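Build out the structure end to end from the sequences listed, making use of the hints.
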Amino acid sequence: MTARESLETSLVGSPIERLEDAALLRGRGCFIDDVHEQGMLHAAFLRSPVAHGRIRAIDTSGARALPAIRAVYTAHDVAKFAKGSVPTIPLRLMSSPELVPFEQPVIADGKVRYVGEPVAMVVADTAAEAEDAIEAIALDIEMLPAIANRRATVAAETLLFEKHGSNVAMHYEAAKGEARAQHTPYVRRERFAVQRHTAVPMETRGLLATWDGASARLTVKGAAKVPFSTRRVLAKCMELPEASIDLVELNVGGSFGVRGEFYPEDFMVPFAARTLGRPVKWIEDRRENLLASNHAREMDCELALACERDGTIVSLEGDVWVDAGAYVRASASIPPRSVAQSLCGPYRVPFVRITSHLALTNKTPTGTYRGPGRFEAEFFRERLLDMAARELGIDPVELRRRNLVSPTQLPYPLPTMTSPERRSELDSGDYAMALDRCLAEIGWRDKAALQGRLIDRRYHGLGVGCFVAGGAAGPRETARIMVEKDGSLAVYVGSASVGQGLETICAQIASDALRVPLERIRVFHGSTSYVSEGFGSYHSRSTAMGGSAILVAAESLGKRVREAAAQRFACPREDITLGPELRAEHGGRSLALAELAGDGLSAEEAFSNAHITYSYGAAAAHVAVDARTGHVDVLDYVNVEDVGRVINPLTAVGQAVGGIVQGLGGTFLEHLQYDDDGQLLTASLADYMLPTASDFPNVRAVVLEHARSPCNPLGAKGGGEGSIAPVAGVIANAVASALVDFDVQPRELPLTPQRIWELIHDRERTTGSVR
Amino acid sequence: MKLPAFGYASPSSLSDAIALLAAARGTAKPIAGGQSLIPVLAFRLAKPALLVDLRNVPGLDRIRIGADGVRLGAMVRWCDIEADDRLRCAHPLLVDAVSHVAHYQIRNRGTVGGSLAHADPAAELPGVAVACEAELTLMGPQGSRVVSASDFFRGALSTVLTDDELIVEVRLPAWPNSRRWAFEEFARRRGDFALAGIVAFYDRDASGRATNTRLVAIGTAQYPRRLRRAEAALDGSPVDEQAIERAARAARLEVEPASDLHASADYRRSLVETLAERALLEARARADQAS
Amino acid sequence: MNEARSIRFDLNGKAVQIDVATHRTLADCLRHDLLQTGTHVGCEHGVCGACTVIVDGAAVRACLMLAVQADGARVTTVEGLASGDRLSPLQTEFRRHHALQCGFCTPGILTTAHALLTNEPDADRPRIREVLSGNLCRCTGYVPIVEAVYAARDAYRSERGTDS
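Chains as they are written, first to last, in this note's numbering: chain B, 1 to 771; chain H, 1001 to 1291; chain L, 2001 to 2164.
Simulated from the structure, these hints should not be mistaken for laboratory data. All of these numbers come straight from a predicted model, not from anything done at the bench. Just so you know, not all the hints are guaranteed correct.
What the hints assert, rightly or not - Simulated pairs of lysine-lysine, DSBU-like, Cα-Cα distance not exceeding 35 Å:
| # | chain 1 | residue 1 | chain 2 | residue 2 |
| --- | --- | --- | --- | --- |
| 1 | B | Lys111 | B | Lys163 |
| 2 | B | Lys163 | B | Lys83 |
| 3 | H | Lys1047 | B | Lys111 |
| 4 | B | Lys111 | B | Lys236 |
| 5 | B | Lys80 | B | Lys111 |
| 6 | L | Lys2014 | H | Lys1029 |
In structure tokens form, the structure reads like this:
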């Protein structure tokens, strides 16, 4: 039975209720702070109160004197442990030698470079006492000027890394086409900016590390997203073999890219556990989470779009500046690459030269957040298209249609990225079909008459945008299927659960592939003890990669079952047929799986993938703007996305709707604001505003299965990050349409009421000094 | 963000509560619903040595309606105001303003006294209290005193309450049926503190012209104050479009908002004008319904 | 100053008695002293609503209450909503509507919705959204949560008059 043949759809494609839900609904999930272990101690971090400075002295005597305090650690202690120097955190993806000087030390070492950088760690009997002790540490810092914006970065009057000589860590280039056209009839140059904001999952980070001195084993609970990679880094820092470290994934309260990467605390907490010989727990509080978990999205650009008079795109060129914060952390190389490569989207662009610059500032370091670089690129490009359309007198929908890559042109090459070099191509899809479906869903034609109209004190407008979203990054994912004694199946997969319904998806796939009922399958995920190698959940890959690995493992298990049955029946393996529930049959005799279980049946396989696959779609919005207050009401928002293969329609739509609302938060509400001294002004949920249930009630998502991915046996393209990307561009286009009488052209996010009011009242805002 | 350690007392009489506060000489804080105080402690912006919990002090949670108006005990919660049907007629402005306060869970614990004592510049009740010229009864070791709302607030998060005093009750003067009123606020999301808000009402004289106009802005100054020039612009007028626009423009000129993280001074001024205009239109529309 | 008090209250129908520090929040007491970890802590400053529990019939933020203030009260947490192995009608609707993904905000939303529907079984969608605007969710975008609560109304209408 091949993997493909086994896909007689029964569960795959069904909107079954999730397996995860019963426990979570009862409050019987197990999140990291729910874990209580005998003898557990609690860690807290003293974090730098200033954005830039040289550490002169750290006086921990006040903290050590407190009765409940077990230890206080600084760089001095870590350096001693690590044979002389404080370890730094390497990049997980797309590393290059140029970035190594900017890696973050696991604890501040001589200098502090952002407010929130860990300077000392306290371990105490209780979390409250650890927090009390933090206040008793005296920090003497010689303050240095803070670099709080791109101008200061480039001026380089102050350097974050004195040895380096500049505050720009790296440049990337996206290039396509040989020669720029000599003369194009129309060129539109614009500057745009996206604000700093980030994932803010409802559960903050946390870890519980235990060192078993007798067996020299380190166990760290609270892992997420990429536990195998984290283990690799930890093993190196700790000078332990990987095999003696277990990273255990529990329930995870959302990640969206931000949780799970290697952070300073991922070394410090296990270090404390190992040094003290006691379990050490650390739970990030919300203020820390806003200060210390990866930030994202802060980019500004200058772009030039060149077209023929009929709107046919000729070239896209320009520069994007990415504010990376004070260090280049584990996933920091992705956004600048992704924004450059995503700027063309699903459109034909013969000539591309985009340079993205990774700029350092004295702010919290950044990383990937759902649709990294894509949310930004979609905003930049879709705004540019609408502005060009208006100036050229072409209908904005028509302009898009003229330029969308057509199915006959696929595969279509995307710009090639440098450093390291990566080529990619749009794989399969009917982009115009998705656009048409989206326009139908929003009722574009019927509502066209509303554009710019004042009704009941509000101006109405509609906007549209098209997108592609790359997913299923390789190189591999691993799954292992084991037959338990009672004939039930345990499926272990290297993918990580971040709340997306992974167990259910995997169980559906396994159930169909093996024709074993759902009740006889249990799925285990994420922890490093489950499979020999894993890569994890990012880049919308867990269905395509983890799911495909399960298919391959299922095929392999089928072979093992037939081998075991062949031995029992003393016949060739080829003569065994497998019935439902892997019942082995031969000439009238049969064996249930439970009867073969004693043979230790299991199969572990990896699925490899070298090609990114692209989900695609379009989104549209209908807004009503109160021109006097600047408030925007989103009357309707629809996202249409083709993901190739839908394993569970309930969860697929659920992900899409969640992504839309996160995108609306990034468009209107969320902003990590800094002052000129590098102080984060929005360090609580009262000031950092997340969408609530009453803000965006009118959002909906349509998920299609039209163009299978050619890159994996499931045909799945990955669907977790598509819907967030087009939101800002679509909304900004709708607002511009609504306020066409005022000639309002949004170029910066977030679209706060004040910003819209200022645009209407013609208050100048520069895009150069973006914070 | 664990709370710093503190002592705790839950006295069963008002005099005991005051005695505890007095004995602590400024190192104690009273706690009512805790919805404003506990976040302050969680951020370690204050570290009182003692919390004096008012939950067991009797008689502070009554809503009394009589000829002299509406008396709200300091421990009356927002949900109690919502649940008291008499208030819909007895003080519709209060009910409407309170419907904008925070969120469901906060409204089950947050109190009238807590809100007035905390004195957030964007809070609704202080704005209503000032507009209505409410009277607060304060009790301290020396006995009780009555302070008018316009004298009670001194600055952002600052009132005339001394360390050993408690708010016992706030009295809103009787509300005539014929009064025209509106409450308008603009916040980023439902339940957020207002970027700006307007409390507006007026009565009518024999010829139907506005009299006794009250206009108070919240969120645009350190504490709420009556906008007397804007009020004067409406008084004596037939409350037509021109008069409303004049009053709204005057309100915009009269406020002196600050720029902060959430809004600039210019934008706040513009909001004041828009909200004042819309509030007065709404108040007038109420008049048309009633007559 | 690190005082402890002995408190007694009813937790999900059972009497509990425990010594707590006076600065212990109700949320931490439930989670770490009584090991009822269903109630989650998301912000500790009264904004996210993940810690919502029901005290004397009213939904409140457990991170904004001191444990000592629960002395003598009747407290219901998410663990008290199901009866034995059977999910409550509200929990069942959540599952049916896919109203949870990571599940971290879910307990606080369940208790809030339970308190709302117990008191207002006819709550319409705008009212449901208004009440739930005090509970943050980052995964679902709220749409399925509102539908699940709306669908659960029938069960509360037929039980009108019963205590929570």
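Quick rundown of the hints versus the structure:
1. Lys111(B) <-> Lys163(B): Answer holds: Lys111(B) to Lys163(B) is near 13 Å, not above 35 Å.
2. Lys163(B) <-> Lys83(B): Distance ~23 Å between Lys163(B) and Lys83(B) Cα, so the pair holds.
3. Lys1047(H) <-> Lys111(B): holds, 31 Å
4. Lys111(B) <-> Lys236(B): holds, 24 Å
5. Lys80(B) <-> Lys111(B): holds, 18 Å
6. Lys2014(L) <-> Lys1029(H): holds, 33 Å
Violated hints for the displayed structure: none, as all numbered hints are satisfied.
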